[in-house]
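Fit chain G to the supplied structure of chain W, relying on the hints for placement.
There are 2 protein chains.
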Amino acid sequence: MTKRLLLAAVAALALPLPAAAQTMDAAQLRDAALKDDIAWDITEGLTTEIGPRLAGTEAEARARAWAVRKLTTLGFKNVRIEPFKMPVWVRGEETAEIVAPFPQKLYLTALGNSGATPATGMTAEVVYFPTLADLNAAPDGSLKGKIAFVSHAMMPTQDGSSYGYFGGVRRSGPALAAKKGAAAMLIRSIGTDYHRNPHAGGTNFPEGVKAIPAAALSIPDAEQLERVLKRGEPVRIKLTLTPRQTGIKESGNVIAEVPGSDPSAGIVLVGGHLDSWDLGTGAIDDATGVAITAAAAKRIMDAGTPRRTIRVVWFGAEEVGVFGGRAYAEAHGTDNHVAAAESDFGADRIWRFETNLPDSAKAVGDRLATALAPLGIAKGPGKASDGADVGPIMAKGVAAIDLNQSGLDYFNLHHTPDDTLDKVDPAKLRQNVAAWTAMLAIVADAPETIGRVAPAR
Amino acid sequence: MTKRLLLAAVAALALPLPAAAQTMDAAQLRDAALKDDIAWDITEGLTTEIGPRLAGTEAEARARAWAVRKLTTLGFKNVRIEPFKMPVWVRGEETAEIVAPFPQKLYLTALGNSGATPATGMTAEVVYFPTLADLNAAPDGSLKGKIAFVSHAMMPTQDGSSYGYFGGVRRSGPALAAKKGAAAMLIRSIGTDYHRNPHAGGTNFPEGVKAIPAAALSIPDAEQLERVLKRGEPVRIKLTLTPRQTGIKESGNVIAEVPGSDPSAGIVLVGGHLDSWDLGTGAIDDATGVAITAAAAKRIMDAGTPRRTIRVVWFGAEEVGVFGGRAYAEAHGTDNHVAAAESDFGADRIWRFETNLPDSAKAVGDRLATALAPLGIAKGPGKASDGADVGPIMAKGVAAIDLNQSGLDYFNLHHTPDDTLDKVDPAKLRQNVAAWTAMLAIVADAPETIGRVAPAR
Chain W
1 MTKRLLLAAV
11 AALALPLPAA
21 AQTMDAAQLR
31 DAALKDDIAW
41 DITEGLTTEI
51 GPRLAGTEAE
61 ARARAWAVRK
71 LTTLGFKNVR
81 IEPFKMPVWV
91 RGEETAEIVA
101 PFPQKLYLTA
111 LGNSGATPAT
121 GMTAEVVYFP
131 TLADLNAAPD
141 GSLKGKIAFV
151 SHAMMPTQDG
161 SSYGYFGGVR
171 RSGPALAAKK
181 GAAAMLIRSI
191 GTDYHRNPHA
201 GGTNFPEGVK
211 AIPAAALSIP
221 DAEQLERVLK
231 RGEPVRIKLT
241 LTPRQTGIKE
251 SGNVIAEVPG
261 SDPSAGIVLV
271 GGHLDSWDLG
281 TGAIDDATGV
291 AITAAAAKRI
301 MDAGTPRRTI
311 RVVWFGAEEV
321 GVFGGRAYAE
331 AHGTDNHVAA
341 AESDFGADRI
351 WRFETNLPDS
361 AKAVGDRLAT
371 ALAPLGIAKG
381 PGKASDGADV
391 GPIMAKGVAA
401 IDLNQSGLDY
411 FNLHHTPDDT
421 LDKVDPAKLR
431 QNVAAWTAML
441 AIVADAPETI
451 GRVAPAR
Chain G
1 MTKRLLLAAV
11 AALALPLPAA
21 AQTMDAAQLR
31 DAALKDDIAW
41 DITEGLTTEI
51 GPRLAGTEAE
61 ARARAWAVRK
71 LTTLGFKNVR
81 IEPFKMPVWV
91 RGEETAEIVA
101 PFPQKLYLTA
111 LGNSGATPAT
121 GMTAEVVYFP
131 TLADLNAAPD
141 GSLKGKIAFV
151 SHAMMPTQDG
161 SSYGYFGGVR
171 RSGPALAAKK
181 GAAAMLIRSI
191 GTDYHRNPHA
201 GGTNFPEGVK
211 AIPAAALSIP
221 DAEQLERVLK
231 RGEPVRIKLT
241 LTPRQTGIKE
251 SGNVIAEVPG
261 SDPSAGIVLV
271 GGHLDSWDLG
281 TGAIDDATGV
291 AITAAAAKRI
301 MDAGTPRRTI
311 RVVWFGAEEV
321 GVFGGRAYAE
331 AHGTDNHVAA
341 AESDFGADRI
351 WRFETNLPDS
361 AKAVGDRLAT
371 ALAPLGIAKG
381 PGKASDGADV
391 GPIMAKGVAA
401 IDLNQSGLDY
411 FNLHHTPDDT
421 LDKVDPAKLR
431 QNVAAWTAML
441 AIVADAPETI
451 GRVAPAR
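These protein sequences, in sequence, are chains W and G. Letter by letter, the first sequence follows residues 1 to 457 in UniProt numbering. Letter by letter, the second sequence follows residues 1 to 457 in UniProt numbering.
Bound-form chain W, shown alone (with noise of 0.2 Å):
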């Protein structure tokens, strides 16, 4: 080997050096937050001691007060509640039942938003498309009185991407079927799972669409429905729903701080949500959200003094319709933040990492590579995009950083009652934690300045 050759070889090896001036030992914190025990106490407190917490209701409101005595007792400063108002909708009966030809039950749960059928209940034919692309091709009026059933499957993705797309028949669906006239509408769950636990989720109905009753029928009974009507008669059902509108109820996001000891270095912003849909008890969605990123914010504290505040949030209703963080923009849109990163995706292992950081940032995306090898985390090849939260702030430049969790059984739970404690790794949410601890002990930390980005959405 020549001189030369040596020489470049070993400054290929060569990892990035740390700042001089990033005290914080990024690797030392993240290995120790291995031994996390934070992010579950919060998990099993929250889930427990409140359980499901709906947005705007009593229970979300109890949330609220809970996570202000605990981030309290953790030591966090600032610790206060910023109410805001939004509509609230809430679950009434929910029942269906094949009449013909084969009587038998049906388990669906009402969509966010659902109207609501006659108390007794209402009785029509099932008309079936296997996509929403074709629900979108009948013809206006076609499904004058009828049940409009949309059924495509959905197949788990690591990525989580699969979501987006399948996602629209539960958007949307509900209102094109209204446009065409439909008495109600039925989906199947927007998840991956084979139990008898349909998937909630909010709907929307535009400005002068009428707000049919829609409900989304677990897998299961969604494939049953399939193979009634393959038998070619015409298939009746029963349905009862009795969802409502209850008016603008009171919610509101709870935040809490580590003070950074150079106010000018600016915020950096981590969260996920309190809310939770009703039928579970938001564990994966998202109480492993908020007590991985306070965890890991605590763990910093403990620590010594970053050089940027680092700002927890925990997002009131979030699930219906991202109220929390839209209020939260409002509120903070001036703010000096400079990164943002969100834990909506429950708590598999987290696989990848994206950054939307500056080019003047460059080294602090490089360190944090270095310090996530180690749990597993390599970079992945898109810029950040993540977090309902985090979003409208992101769309005002600020830079975002996803830490990517496994998406292959997520959409198991996703807004099932299945979304319960005994789903959460208590290894796995360790490791989210440990990265958490590394991401914030090298950003929050972090010497560069870190300036305001294109939008990555």
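Bear in mind the hints are in silico, worked out from the structure with no lab data behind them. Among the clues, some could well be false.
Which copy? The list can't say, so a pair holds if one copy fits it or any two copies do.
What the hints assert, rightly or not - Within a straight-line C-alpha distance of at most 35 Å, the following computed DSBU-like cross-link-like pairs (lysine-lysine) qualify:
| no. | residue 1 | residue 2 |
| --- | --- | --- |
| 1 | 144 | 179 |
| 2 | 379 | 85 |
| 3 | 105 | 85 |
| 4 | 77 | 230 |
| 5 | 105 | 379 |
| 6 | 428 | 230 |
| 7 | 428 | 105 |
| 8 | 146 | 35 |
| 9 | 238 | 144 |
| 10 | 238 | 249 |
| 11 | 230 | 35 |
| 12 | 383 | 180 |
| 13 | 383 | 77 |
Chain G alone, transformed into the frame defined by chain W:
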């Protein structure tokens, strides 16, 4: 090798010779059955066109009519219904919520024969017992006005043997609690899954013991309630259960036959149960059982005429007290049965077989071992003792043959809403049909006399 050793080695390798008069080729029929579609067709049809079929209800009557049509279409002879009477309990409303200290809904289902709360529910404090023995140790009268809660866990076992032990809580726990003055009883579901689907099942209140409301919490809910109780504050639950006894109704056994060539050689009885619990569609419990046994008998029928008559019985009202099995034994106790076999443990792979054949038919057992080995099925160490419905026949000394499915996943689904068609693996179902076909080819066509045996239980 000496000639003596060589001969010994050859002798050791030799397989038992088939008896000269056994004309059916068990190996050929077995291998052909690995492409069976009959069992899937029956399972799919029964679960789709009937679905849940609680004993003594109109749904079970529809199932009998469906069964007669199906068995007749398949070409069986002497297809008929043998009706009998039985008491019928039906489910009503069933809801529960923790009222204090942490308000939240719980998922549960009433146990068969449960008493009812007032229609508006009852609210009472919960008293926790880790095991049935702890409940048993509670002083008489100490539970007055309370809800007793027994929550001991169950682990999967391949042979299903843990169900006998842990099922005791469900079968006799509520009566025990009632005797001690409890107002109601909650148990952790007798199951091994972590889904929000409670496991139904019968309980018994002996004459003179008040039928208190009794229900099974899903396993995540039972563990949630344990966590809430461990906080140390009094826990109050509002419970609403409105099941009722509806009186004596008609059920029935559906019978079909493959006539044998030699009426004096006796009858081989095979079957499963047609009724199901009401929460699922009774796929693995026990559509697959009736499907596997009928498919195997049909394959024998299509291959020729066996020496013995094969009688296929789809028993009614098994789940709620083995009424069909007892009615059958009362009606047919003097019939010339020579062997009985029941499939009522799902449709996972058969891993083991056991028999209770008389010594005079040892060669039959040897041929079974040879025919089943290519399917990965080994002879077990015990004596055949399976089958609730054939139990009364076995108790009269009829020899039994058990083909044991693996039970490792069975209690994830047993008696839950999740017992649906999607849980049946077509390849495993075919392995079952192949094993049953080989068994019937050998036993129904065996030239040996198969006499009475000492009952295994």
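I'd like to know which numbered hints this structure contradicts. Please list them from smallest to largest. 2, 5, 8 and 12
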